[in-house]
Amino acid sequence: MSFDLALTYRAGESIRGCTIRSEAGLVAVTGPSGIGKTTLLNCIAGLDRPLAGHIRIDVTTLFDSSANIDLPPERRGAGYVFQDLRLFPHRTVAANLAYGERPDAHWMSRAEALDFLGIAHLARRYPATLSGGEAKRVAIGRALLSAPRFLLLDEPLTSLDPARAEEILRLIERIRDELKLPTLLVSHAASEVERLAGEVVILAPG
Amino acid sequence: MTAWPTAAEWAVVALSLKVSVLAVLVTLPLAYGLAWLLARRRFPGRILLDAAVHLPLVLPPVVTGWVLLLLFGRTGPLGHWLEGTFGLVLVFRWTGAALAAAVMALPLMVRAMRLSIEAVDRRLVGAARTLGATPWRAFRTVTLPLSLPGVAAGTMLGFARSLGEFGATITFASNIPGQTRTLPLAIYTDLQVPGAESAVTRLAIVSVLLSVAALLASELLVRRSHGRRAHVL
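If you read the sequences in order, they're chains A and B. For the first sequence, this note's numbering gives the first residue as 78, with consecutive numbering after it. For the second sequence, this note's numbering gives the first residue as 12, with consecutive numbering after it.
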């Protein structure tokens, strides 16, 4: 089971519930905006605390309110690509990529990642000087280099022109097919979800 | 006019620098810690702590000096303890002048640092955590470097405030030549002497130069580490 989670959590004013049990390599979560999709990802990454429930990914329990398990974010192994990217503005691209790099779990070297993502030529630049597509690839690279157990992608195609979006879509397909990382994708774009996801979870009000 | 600074003037300037540097160095980590607490943590008594930190800013400095005298005088609870435990006497000493300057500088330093810590996007700290950083590493690598312009600004303000400290110093540490007679106290003393206008002018010019130098130094420091867009003021 790559994803096994059942959660209740607070999103804004309301309390939401979500259950996902899936063997699929890439699960898409979709639903209207304001339904708490990002909050769900934050709960999985350990940045927000769910009210109750459990989160298991592969064999690892990240959170279980009944067993009092609540791993801190740094021990969850989430490769989180934020919608707003959150590149460190005071660090170069290379230093951003190196931030979470783990020498003990090196299934992908930095050179390989740079090549895989096509960002080697950006290494010395600062995030403020990158285009939207470049910054997104750097954010994906930073997440991949932290040797994550799973990926969380929050609206990875927003604010990209069609050509860039297609580029990132292909990249996500390669991550899914070649790296075989369990991936949870949040998106409100039906086309993107249909093309990528092995399983689709729709969050609905109520 | 004699060449300057004369030995006596130089002694006053050196004492002022010594007092201000010690005051700022001792206050720096404390001010940053308080600024971080006030910016990032919600805890009971937070408003009281905030008020206590800001008190020297709103109290008449003479009152602050008097409170220091009550607490750190040789019979005061803290002064008695310091003397008994470490043999340290502050009152009427240059270290006492540094304490008075530190207390007066603290709120200004905390305010500047707190603003810059609040301006650091907490979402970046969250990103650092998901990348495997402990809270301490996230602080060292994200919050601290991104708030450095505020640290520089706070340090500069604190230093300038310490250089100019008068009321609390004269109350707590008195006006002892060579011990606690810093620049403002020396200027005040000269003002009491008929015909010492030129001495006053010379010390006042030194005051202005020191303050401008502190300002420029911190501005340059921040620009060098954070590019042209960063400012102290």
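To be clear, the hints were calculated from the coordinates, so they are not data collected in a lab. Hints are not guaranteed to be accurate.
Covered stretches of chain A, as calculated for chain B (at least 3 residues, CB under 8 Å) [to be verified]: (1) 105-113; (2) 144-153; (3) 244-258.
Sample of chain A residues at the chain B side, in silico, Cβ under 7 Å [unchecked claim]: (4) 180; (5) 193; (6) 223.
Which residues of chain B face chain A? A partial, calculated answer using Cβ under 10 Å [to be verified]: (7) 52; (8) 69; (9) 86; (10) 88; (11) 91; (12) 134; (13) 135; (14) 139; (15) 140; (16) 149; (17) 153.
We put the beta carbon where it would ideally sit given N, CA and C, even for glycine.
For this session: Grab the minimum C-beta distance from residue 134 of chain B to chain A and call the hint holds if it beats 10 Å, violated otherwise.
Result: Status holds, d = 5 Å.
Exercise. Holds or violated: the stretch 144-153 of chain A covered by chain B, criterion of 3 or more residues with Cβ-Cβ distance under 8 Å?
Worked result: holds (count 4)
Problem set entry | Restraint satisfaction for residue 88 of chain B [CB to CB of chain A, less than 10 Å] | violated, 41 Å
For this session: Double-check residue 149 of chain B for me: the hint is only fine if its C-beta lies closer than 10 Å to a C-beta in chain A.
Result: Holds, about 8 Å.
Problem set entry | Interface hint status, residue 193 of chain A versus chain B (Cβ within 7 Å) | violated, 18 Å
Exercise. Do the numbers back the hint for residue 135 of chain B, that is, is its least Cβ distance to chain A under 10 Å?
Worked result: holds, 6 Å
For this session: Closer than 10 Å between Cβ atoms is the bar; does residue 139 of chain B clear it against chain A? Give me holds or violated.
Result: holds, 7 Å
Exercise. When the nearest CB of chain A is found for residue 69 of chain B, is that gap smaller than 10 Å?
Worked result: violated, 35 Å
Exercise. Per the coverage rule (Cβ-Cβ under 8 Å, at least three residues), is the stretch 105-113 of chain A covered by chain B?
Worked result: This one is violated; 0 residues, fewer than the three required, reach chain B with a Cβ under 8 Å.
Exercise. Taking a Cβ-Cβ distance under 8 Å as contact, does the stretch 244-258 of chain A have three or more residues in contact with chain B?
Worked result: Violated: only 0 residues of the stretch 244-258 of chain A have a Cβ under 8 Å from chain B.
Problem set entry | Satisfaction of the residue 86 of chain B interface hint, Cβ to chain A closer than 10 Å | Constraint on residue 86 of chain B not satisfied, violated at 49 Å.
Exercise. Does residue 153 of chain B pass the interface check with chain A, least Cβ-Cβ distance below 10 Å?
Worked result: holds, 7 Å
Hints 1, 3, 4, 5, 7, 8, 9, 10 and 11 from the earlier list are contradicted by this structure; the remaining hints agree with it.
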